[in-house]
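Here the structure of chain A is known, so what remains is to put chain B in place on it, guided by the hints.
Number of protein chains: 2
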Amino acid sequence: MFRHVVMFTWVAGATEEQKAEVETGLKKLPDAIPEIRRYEIGQDAGINPGNYEFAVVADFDSEEDYLVYRDHPVHRAFIADVIRPILAGRAAVQYSI
Amino acid sequence: MFRHVVMFTWVAGATEEQKAEVETGLKKLPDAIPEIRRYEIGQDAGINPGNYEFAVVADFDSEEDYLVYRDHPVHRAFIADVIRPILAGRAAVQYSI
Chain A
0 MFRHVVMFTW VAGATEEQKA EVETGLKKLP DAIPEIRRYE IGQDAGINPG NYEFAVVADF
60 DSEEDYLVYR DHPVHRAFIA DVIRPILAGR AAVQYSI
Chain B
0 MFRHVVMFTW VAGATEEQKA EVETGLKKLP DAIPEIRRYE IGQDAGINPG NYEFAVVADF
60 DSEEDYLVYR DHPVHRAFIA DVIRPILAGR AAVQYSI
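Top line first, the protein sequences correspond to chains A and B.
Sequential numbering from 0 applies to the first sequence in numbering that gives the first Met the number 0.
Sequential numbering from 0 applies to the second sequence in numbering that gives the first Met the number 0.
Keep in mind the hints are simulated off the structure, nothing from the lab.
No experiment lies behind these values; they were computed from the predicted model shown.
Cβ-Cβ distance ranges computed for the label pairs, FRET-style: (1) B:I96 to A:G88: 19 to 27 Å; (2) B:D60 to A:D60: 23 to 31 Å; (3) B:P29 to A:T23: 33 to 41 Å; (4) A:A31 to B:T23: 37 to 45 Å; (5) B:E15 to A:D30: 41 to 49 Å; (6) A:T14 to B:P48: 24 to 32 Å; (7) A:E15 to B:G12: 38 to 46 Å; (8) B:E63 to A:A76: 33 to 41 Å; (9) A:I78 to B:D60: 30 to 38 Å; (10) A:I96 to B:P48: 18 to 26 Å; (11) B:R89 to A:I96: 19 to 27 Å; (12) B:R89 to A:S95: 15 to 23 Å; (13) B:A76 to A:D30: 43 to 51 Å.
Glycine included, C-beta positions come from ideal geometry on N, C-alpha and C.
Bound-form chain A, shown alone (with noise of 0.2 Å):
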């Protein structure tokens, strides 16, 4: 399997409402898009200092399907609208599990 790994922190100025925003949109995203196998994501339990603020791992069958995910323009659109208004800082991993 194909495993992308990407984490969130947020601007200063985002609302409570907009991060939870993120969340139930991101939940959404395996009805559109068949090719995900697993999706779990999550905000940060705030046990440790210096986090990222929001996970999320994402399983797919291949490399390619991934790929179908990361270019789908229902993933695309809700990065645009949701996710970079209120983005601040991004890491991201993809591999082979």
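Then chain B, alone, in the frame of chain A:
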């Protein structure tokens, strides 16, 4: 369950041997720390620019079990001896799944 996600980048002078040591060493941790339920690590596939170089996704039954892992002497020694000498950047999130 409770998930720990971490990504690393390495200093420019890190050798291939040092990077390989990270991977082989991490793979031994589940034998030393029985609290680990799932442990999937890997080098970035090189598809997207700006990515981190290595990712660890570790799952535990509970936040408490994650803390056992975090503070386990075998884990701490591995970080000090193998990871820290070549560490350039680190990004982490812990979250409930």
